[in-house]
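Read top to bottom, the protein sequences are chains A and W. The first sequence begins at 1 in the UniProt record's numbering and counts up by one. The second sequence begins at 1 in the UniProt record's numbering and counts up by one.
Heads up, a few of these hints could be off.
As the list claims (entries may be wrong) - Pulled a few chain A residues facing chain W out of the computed Cβ check, cut under 7 Å:
1. Ser-78
2. Val-82
3. Val-143
4. Leu-199
5. Thr-202
6. Tyr-259
7. Phe-260
As the list claims (entries may be wrong) - Here are the computed distance ranges between Cβ atoms for each label pair:
8. Phe-27(A) - Ala-72(W): 29 to 39 Å
9. Val-51(A) - Ala-480(W): 20 to 30 Å
10. Glu-106(W) - Val-93(A): 33 to 43 Å
11. Gly-19(W) - Ser-120(A): 45 to 55 Å
12. Arg-583(W) - Glu-127(A): 16 to 26 Å
13. Phe-108(W) - Ala-187(A): 15 to 25 Å
14. Gly-93(W) - Pro-124(A): 51 to 61 Å
15. Val-40(A) - Leu-268(W): 20 to 30 Å
16. Ala-151(A) - Gly-93(W): 27 to 37 Å
17. Arg-85(W) - Ser-120(A): 18 to 28 Å
18. Phe-108(W) - Val-148(A): 36 to 46 Å
19. Ile-290(A) - Pro-492(W): 49 to 59 Å
20. Ser-531(W) - Val-148(A): 25 to 35 Å
The set of hints was computed from the structure by calculation and includes no laboratory data. Owing to the predicted nature of the structure, the values given are computational and were not obtained by experimental measurement. Cβ coordinates follow ideal geometry from the N, Cα and C atoms, glycine included.
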Amino acid sequence: MTDSTESPDLQRRSGLRRLKEGTYGGFFAACAAITLLTTVAIFATLLSDAVVFFAEVPIIEFLTSTNWSPNPAGGGQSFGIVPLLIGTIVVTVTAAFIALPTGTLTAIYLSEYASPNARSILKPLLEILAGIPTVVYGYFALVYITPVLKATLFPEMSTFNALSASIMVGIMTIPMVSSISEDAMSAVPDELRQAGYGLGATKFEVSTGIVVPASISGIASSYILAVSRAIGETMIVVVAMGAQARMPAVGETLFGIPYFNPADVLLDSGMTITVAMVQIAGGDLTGGTIPYDSMFALGLALFVVTLVMNVFSDIIAERYREEY
Amino acid sequence: MATDNANADGFGEVSRVRGILFEYLSLGASVAGLVALGVLLVYVAIDAFDLASASPGWLLTYFLTLVIPFLAFCLYSADDSAVTRRVLVVLAGGLVAVAVIFTAIEAFVVTIPRLSWQLTYLFVVVAPATAYLAYVGSHGRVGAVGFGLLGRLVGGTAIGLAVGTLFLVFDELVWFLAYTLGVLPAAALYAYGRRRDAGRAVTAAIPVGLVGLVAAVFLRGVVRTYPSDLIIYLWTLAVPIAAVGALVVDARGSRTAAVAAGGVPLALAIAGGFLAGNVGLPGPTTLIVIALTGVPTAIYVHRVVDVGDGTVGLGLPLLLAAGVIVGALVVEAWGVPAPDPWLDVSYVTEAPSRNATEAGLYPAIVGSVIIIALVAVLSFVLGVGTSVFLEEYMPETGVLGSLTRLLQINIANLAAIPSVVYGLLGLGLFANLLGFGYGTAVTASLTLSLLILPITIISAQEAIRSVPDDLRRGSDAMGATRWQTTKNVVLPEALPGILTGTILALGRAIGETAPLIMIGAATTVFSAPSSLFSRFSAMPMQIYAWAGFPQAEFRYGVVAAGVITLLIILIGMNGTAILLRNRAERGS
């Protein structure tokens, strides 16, 4: 009997140990479940109030009306998403004009031209651009960019305008484009580059003719992510773009095709979907009112759009990736 | 035939110019955003510190007393004549170049508002040169010692202030009981068990601690008399910190050094705590700050002196302090006109005001610290739990494997949802459905935790994945269970990476504004929050509110000071994260 007590007792308190193992495993599973629950909760929260909203305001009116005035005090209440969509699209497209070319060129420079030393300095510095709080960017746009643009290029610009906000959104999204694109470009095998050089191509031709086409799926998916980020961007536009939901004046060309004058939209204030949500939340949050519910309808629209874009970006990155 | 000829001409023709142009174009694109941000930051710094009205004499004074000694210190530490020559050339050449170019632009092109060539020289030449030299100098032993000491002083002060802030909201009496009845006995049992190799004592530590905590909450309502705040802080925070410091030194060196390392900071802290009231400082916070700066400093000084290499570097804080004092004396004595910065002591210790010169950020800073503390705990626990589950517990193939993939895709999508939508989640779920209230610190913390959870999880997963599989297999071969492997092998190895990712994610949380607006956080509160369920404001909320003020003093002064405060805190957090990562990389 003494022998058995001196040898290690492997069965000792195995029940307690199993309980301990199970407890920890269960705790970790619960943590993971919370991430799934978050998605469900977001969807349920948005949907439950949006349904109430759409019972009051028909969905057709919501999607087609060109007037957004949720405040009941200001006369006729109207919930049309069109002016908000125009505002969002204007900001997103302008920001994309800045972020996409700059980001792509940055990615090319980092992956093809930069020395390892320069890369190790530039990459973390670029991440800073994405790490600055967006409210600070909005402040920059309002207090520094707008006065400079007003004094130099556009004297007729208003204090709150879409252009400065879009410039800042563009600068903020540069690192999204550059880091994902650079990952895709770095994944292009060196054999392809060597083959290009072997055929007598210059570095420029290898970069633009071989590396970029070979990593085009990654670049495209980075574009979509950056645009989706710009759509959801809130504080920059809230601070710098003002809060006036307006339809730009529609002109007609010779052939009867309607168009917007871009200067008219960019130099004046406007409203995006996100600004409309913030404006309602900044006022009254008692719940149960139509403006309160309309926030959730807008949130649902935003959620669906960004979700679709992300899934789309994933699909592009997966489906069209060149396997080497 | 014409086209053929054109093709034939183009064949083999290599445009050198085009390649060079493209290289510089892409280089320009890479730095364009950074340059833009840099210019904006320079301007916001000028506005926050009122540097535009700083006289050249004032700038020169501090340049001579503060910047030059610091540069000299770094050069001494680097001990490299090439670096010295390069820096001197840049500083001197830059002076001439900036002065000439700036004057030329002012004279012929356009006047540059709120910048003088002296300021431009400081920001364009001196600041980068200082950063470069600090980097080079920190690789020398002397510089490493100096920066290490400086980091402990600054970090200890920051943590001490944060702890003091947390007790504005958390009941220090509950903490006193919990520490006395739960934490202290449990720690004692654990230490005893470890030392005597008694597994039973170690196992008993957790239940004993839990019983103590429950008893503390229960007794809080029963016990009537408590010691003063100062005694509580001394007993529950300063004494244990000093004890730990003494133990650390004891493990390395002599008994007397250990007593000194624990005792001297403790004595200083007690003295500071009791005397602080005389100069109008809060005693308990002073006590914690001195304890938290003093003990790590004492440990560090002991180690440096023990090693006996680079002890000169310990003088760096003295050098900087002397520079500030001498500079102030010179400015005072010669009546050099000094700027009146918006960001000063009263700005961070006073409440907001309609009057720009009296406006302060204090309640918003307290709000931010409290939220971030809660978010840190929540997102760390949830993030580590989820990533351990995904990496260690779930298989990659089979039915469960597809569940893993589903979770993974879900997390990636959560990371891309706009923050304003998370605000709606917080409003609908936490504020309304669960009744935590509009704009309370609890609602805000829960919302922000969910917001940064995906980022935390993804970085924690990367850290866990980078732990070599050999270590796991080794642990398995010793008969360890899955949890034992995770606890003893995986988590300790992955911890620096996890912490780095969590701190970076917290940096995102501290600047988030949109979700806070959505849950109804106050834009302006005039007193610091007193409980987790009181209305609060946060730094970005206050900045947002002030940015809407039309007065120039707010737009260009008060808000700029707020932006700089927020950015300094962000830089501090991210700097800590990067230091952690570098240390971990060096270790492995």
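Against the structure, the hints come out as follows:
1. With 7 Å as the threshold, the beta carbon of Ser-78(A) stays out of range of chain W, its nearest partner Cβ sitting at about 22 Å, so the hint is violated.
2. The beta carbon of Val-82(A) comes no nearer than 20 Å to any beta carbon in chain W, farther than 7 Å, and the hint placing it at the interface is violated.
3. The beta carbon of Val-143(A) comes within 5 Å of a beta carbon in chain W, closer than 7 Å, and the hint placing it at the interface holds.
4. A distance limit of 7 Å between C-beta atoms decides the matter here; for Leu-199(A) the minimum to chain W is near 11 Å, and the interface restraint is violated.
5. Residue-level restraint check for Thr-202(A) holds (minimum Cβ-Cβ distance to chain W is 5 Å; threshold 7 Å).
6. Interface hint at Tyr-259(A): violated, since its Cβ lies 30 Å from the closest Cβ of chain W, which is beyond the 7 Å cut-off.
7. At its closest, the beta carbon of Phe-260(A) sits 25 Å from a beta carbon of chain W; the interface hint therefore is violated under the 7 Å criterion.
8. Judged by the Cβ atoms, the range 29 to 39 Å given for Phe-27(A) and Ala-72(W) is violated: they are separated by roughly 55 Å.
9. A hinted range of 20 to 30 Å for the beta carbons of Val-51(A) and Ala-480(W) is inconsistent with their spacing of about 52 Å.
10. At about 37 Å, the CB distance of Glu-106(W) to Val-93(A) agrees with the hint of 33 to 43 Å.
11. For Gly-19(W) and Ser-120(A), the Cβ-Cβ distance of about 24 Å falls outside the hinted range of 45 to 55 Å, so the restraint is violated.
12. In this structure the hint that Arg-583(W) and Glu-127(A) lie 16 to 26 Å apart at CB holds, the actual value being about 19 Å.
13. Between Phe-108(W) and Ala-187(A) the Cβ separation comes to about 49 Å, which falls outside the hinted range of 15 to 25 Å.
14. Checked against the given bound of 51 to 61 Å, the beta carbons of Gly-93(W) and Pro-124(A), roughly 28 Å apart, lie outside it.
15. Between Val-40(A) and Leu-268(W) the CB atoms are about 54 Å apart, so this pair departs from the stated range of 20 to 30 Å.
16. Roughly 32 Å separates the CB atoms of Ala-151(A) and Gly-93(W), a value that falls within the hinted 27 to 37 Å.
17. Range check, Arg-85(W) to Ser-120(A): Cβ separation about 25 Å, and the 18 to 28 Å hint holds.
18. Between Phe-108(W) and Val-148(A), the C-beta spacing of about 19 Å breaks the proposed range 36 to 46 Å.
19. The hinted range of 49 to 59 Å is satisfied by Ile-290(A) and Pro-492(W), whose Cβ atoms lie roughly 55 Å apart.
20. As the Cβ distance of Ser-531(W) to Val-148(A) is approximately 45 Å, the hint placing it in 25 to 35 Å is violated.
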